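J.: The chain contents come next:
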Amino acid sequence: MSTESTTESRSRDKAPAGERVADWADGRLGIYSLAKANMRKIFPDHWSFMLGEVCLYSFIIIILTGVYLTLFFHPSMNEVEYHGSYVPLQGQLMSEAFSSTLHISFDVRGGLLIRQIHHWAALIFLAGMFVHMMRVFFTGAFRKPREINWLFGFLLFVLGMFTGFTGYSLPDDLLSGTGVRFTEGAILSMPIVGTYISFFLFGGEFPGTDFVARFYSIHILLLPGIMLGLVVGHLILVFYHKHTQFAGPGKTNKNVVGMPLLPVYMAKAGGFFFLVFGVIAVIAAVAQINPIWAMGPYRPDQVSTGAQPDWYMGFAEGLVRYMPGWEIDFWGHTLVLGVFIPLVLFGLVLMAIAVYPFIESWVTGDKREHHILDRPRNAPTRTAFGVAWITVYMIGLVGGGNDLWATHFHLSINAVTWFVRIGFFAGPVIAFIITKRICLGLQRRDKDKVLHGRESGIIKRLPHGEFIEVHEPLSQDALYTLTAHEQYQPAEIGPKVDENGVERKVKGSEKLRAKLSKSYFGEDGQIPKPTVEEYKEITSGHGHH
Amino acid sequence: MSSQDIPEENLPAEQDAHVAVADEKNPFADPGLPPHEHRIQDIDERAAKRSERTVALLFTVSMLATVGFIASYVAIPHDKSIFVFPIGHLNALNFALGLTLGGALFCIGAGAVHWARTLMSDEEVADDRHAIAAEPEVKAKVMADFRQGAKESALGRRKLIRNTMFGALALFPLSGVVLLRDLGPLPGTKLRHTLWSKGKLLVNMNTNEPLRPSDVAVGSLTFAKPEGLEEHDHDFQNEIAKAALMIVRLQPDDIKDKQELDWSYQGIVAYSKICTHVGCPISLYEQQTHHVLCPCHQSTFDLADGARVIFGPAGHALPQLRIGVNDEGYLEALGDFEEPVGPAFWERG
Amino acid sequence: MKKLSARRRHPLAAVVVLLLALACTGGLYAVFAPADKAQAEETAQSLTIEEGKKLYAVGCASCHGTGGQGTSDGPSLVGVGAAAVDFQVSTGRMPAATSQGAQVPKKKNIYSQAEIDQLAAYIASLGAGPSVPSEEKYGPEGADIAKGGELFRNNCAQCHNFTGKGGALTKGKYAPSLEGVDPKHIYEAMQTGPQNMPSFPDTTLSEQNKKDIIAYLHAVNSDETVNPGGLELGGLGPVTEGLFSWIFGLGAMIAVAVWVAARTAKAKKS
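Residue numbers (the UniProt record's numbering), protein chains in the order written: chain R, 1 to 545; chain H, 1 to 349; chain E, 1 to 270.
So that you can see chain R by itself, here it is in the shape it has in the complex (with noise of 0.2 Å):
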């Protein structure tokens, strides 16, 4: 950024050569149109709005990083000798994979950093990810028009997701290699098709010699370019609908207020690539990660406790933990439910997060523009919505890591295992309830301080004897950004006779949103926010209170 500002500021002396190389790109890509809609593009600040910058620059750091480990790594499965640096390997047999990751970290120089910031880069590229994508859903930042970028982005989650497990699964250490036997049992499990499937993807029994060659080019070419072009999409959407922001003085639904991309956001969004690319190289040079060399060459008939996937896969580590061992056999067939139902389940409790705006859009009928986006208090159901499914979501992680909840907190492996099976089921339920609960209390206290100001702490003793908190009228700004969000009325069905009198059906869809709706916007749903009327007939009494 800092080149394009000095050519600018340069420009304003005489004809210099970027000015003519700009004139040259122009007449050719018409980069002038493109710059005079976009130079100067406005982004609000707001810190929560840069989570979907981390994920972007974590992504293109797994690139660059991706790019030096292909030069090194060989996706071979051909067994060799290991004769490298790391003593407690020596002379073992490996694949050529494992020792080519060995090669990486031991014997190439800053090899092991490399390896290092990939793969913290990529464990924060999807804890990005899944902050950014709960910060959209909290703040309602999905709706009209940005129901496709919401879905964009869950695609780059899920596909992140994949591209993570083929990419641990590469060195072929016996951690991974554990989980690619879980992943294989998995497929064994699909009814019918499973074992057909299995075959296919591992070029016969497992774990045969082809699946690492087969995962690499999954891992560096089909998921990446897929998410690559994804990534793109995404931000030519943002830049298209123009970034939401939160509601206050000045800011409407028409109109986006912030700083300007040249210079404010070229400085802050270039720099913050910067700061995120050095913290990832700080922690990789501090923390290690995923030590193969502790670990071993993967075996079939080896492994050790503690095997888990990363944390993006711990959920769904979670959910096949705590399945009971369902088994169906009938007519010389076996329907493995319990494996295949965690697998179901899996695909469905993400799908649940992803098809929500379209449900709720369906519920409000809302067809308009939103670009104000909302408090989580402000919209009590969808914030209850998303806790419930945060908590699904963690009692899978805490279910996939039952084993170490045991040994760290002294508990019974069964006693934990039994607490996410129960919770699995009530969990959600009483986060909702809770959830929504805290959000109606919190729009009463916003109302309360509406209507009657700020406690501002000071204790006064009235003539007659009385102690009263004083209570400070709140700012023009501050009323105005308490008030700012829309509140919608429950929708009701239809009459029961049309204009002309007859009697028409009423659809169980009709019935079932009526019903939903009531319950988003009905009495327990939400509290009416406070009306100039209220506001006025308390200030203009005694405005004490």
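For the record, the hints were derived by calculation from the structure and aren't laboratory data. A hint or two may mislead.
Said to hold, decoys possible - With a straight-line Cα cutoff of 25 Å, these simulated PhoX-like cross-link-like pairs (lysine-lysine) come out:
id, chain 1, residue 1, chain 2, residue 2
1, H, K49, E, K266
2, R, K144, R, K367
3, H, K25, R, K449
4, E, K137, E, K106
Computed from a prediction, not measured in an experiment: that's the story for all the values here.
The hints should help you fit chains H and E onto chain R, whose structure is shown.
T.: Using the frame of chain R, we list chains H and E on its own:
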């Protein structure tokens, strides 16, 4: 509240409706953007100068860190380890490279952000939004163009062209599907058989020697492979994935399952080491309870009761290998497993 | 013979005779003395056993029975061998009277080494079992670390984790961490199978195998172990790595983002 079936009626009024109303009438009206306040750098050139120096310093530190990165790369041997408190013993090169690279990058970023925060304009600007959807006239033009194009193509009129084209387009991806056929062989009965067969000796994984009954003590745990399978064999991984065996010895009185007792030899029982859930090598044997736990998903089997599942997600017992002793006194298999080992699958039955 | 008699007047003859005589006496002593010594040792041994029996009566008999035959509170100790006693008592697991929970944990040892030897001698006298290993059995000389690694992953890692950090068993039981455990105790544990750990007798896991395993453990789980990448994060694998990436990785990102997005302080109006 309207009684129509159009939920739009329930929608709240557009927010911007507030704005038009005067303040006295509506205390909740949008007061508009607050006036811009200056930062200290905007009004005090000395403060601005300080910021400039800070930014320049950060960029300079970054340069130094990059020099340090190159110097570390050249100077530090790749296998040198050092002790760093409180981290422990670590690789000196990785530590030095990571810190210098991180420092170089972080300082560039910090410099740029500090520059933007203190020296670039911080005046908030409002930019108008425009509806994403097209104006009705635009839409009408597009629809007219489309109809024109569709008409000119005659796609709707010449149904034969249309239908054969769809047919061709629908069929050609099949070539791609067919091409995937050679990804792997068909399963056949491969999952049903292992290397075990009658007369195969049980070879100790640790010592690579065939096992005798006297080698296996009560309370001990031993892993075995079929004789003839060596680590260097090209199909070792595939075969051991099915043939791996777990051998324990129980007091014959402790064995509750009759078949287990029949298939054992003097209390020595041989079970598949591969979990019937998703195939982890299950082997966390508790010699006092005779339970064996899978480290992956905690399926628990009771080895004293036919390896029945007593906890966790596994769907059926571990397959047992029938064993005996040959003429020379070595433990041998009396056949293959009678059911497929490892995870269950559709054709398992 | 002539030659010999010719030289018996040689000035050195006396010396030779003396040397021969000495050699003979030494040889005789060597033949007969051990018997005496052995007898002396036997006496000492029986004294040790006697002492051990007294200690046993005070500290162990209430659970394991007066003759070590076992009761409902504790298993029989006949045939467990000296190695088991040395392991259980030196690591403080026995006496277990005060212990509660699913298994007996490691705790402070209350006996001196001499007392433990006495106890061990007494238990060994009840029935043959593995004896306490000598240092050369678990010392690092002649050990193959890489082979030890393979053996460890085959026999031990399923409960104790890749590098011996420990792990969970059923119903609150656990395989303890092997960090800082005396090699002798590791050897004894493999031999005797304490509590729910299965035993790995020499017939299935040879002495050399055990030596290799101990050498491997020392290489990957001791004070001198190098973790080239930095913080080991407990050596527990992806769970702690995931926690670290959320707390420190994403935490740092958010801290930085807050700084980037925050408004710069405004000049104070005076």
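J.: Would the hint linking H/K25 and R/K449 be met if the CA-CA limit is 25 Å?
T.: holds, 20 Å
J.: For the pair supplied as a hint, H/K49 and E/K266, confirm whether the alpha-carbon distance does not exceed 25 Å.
T.: With a Cα-Cα distance of about 17 Å, the restraint between H/K49 and E/K266 holds, given a limit of 25 Å.
J.: Decide if the proposed pair is consistent with the structure: E/K137 and E/K106, CA atoms, cutoff 25 Å inclusive.
T.: Within the cut-off at roughly 24 Å; holds.
J.: Are R/K144 and R/K367 close enough, with their CA atoms no more than 25 Å apart?
T.: holds, 7 Å
Of the numbered hints listed earlier, not one is contradicted by the structure.
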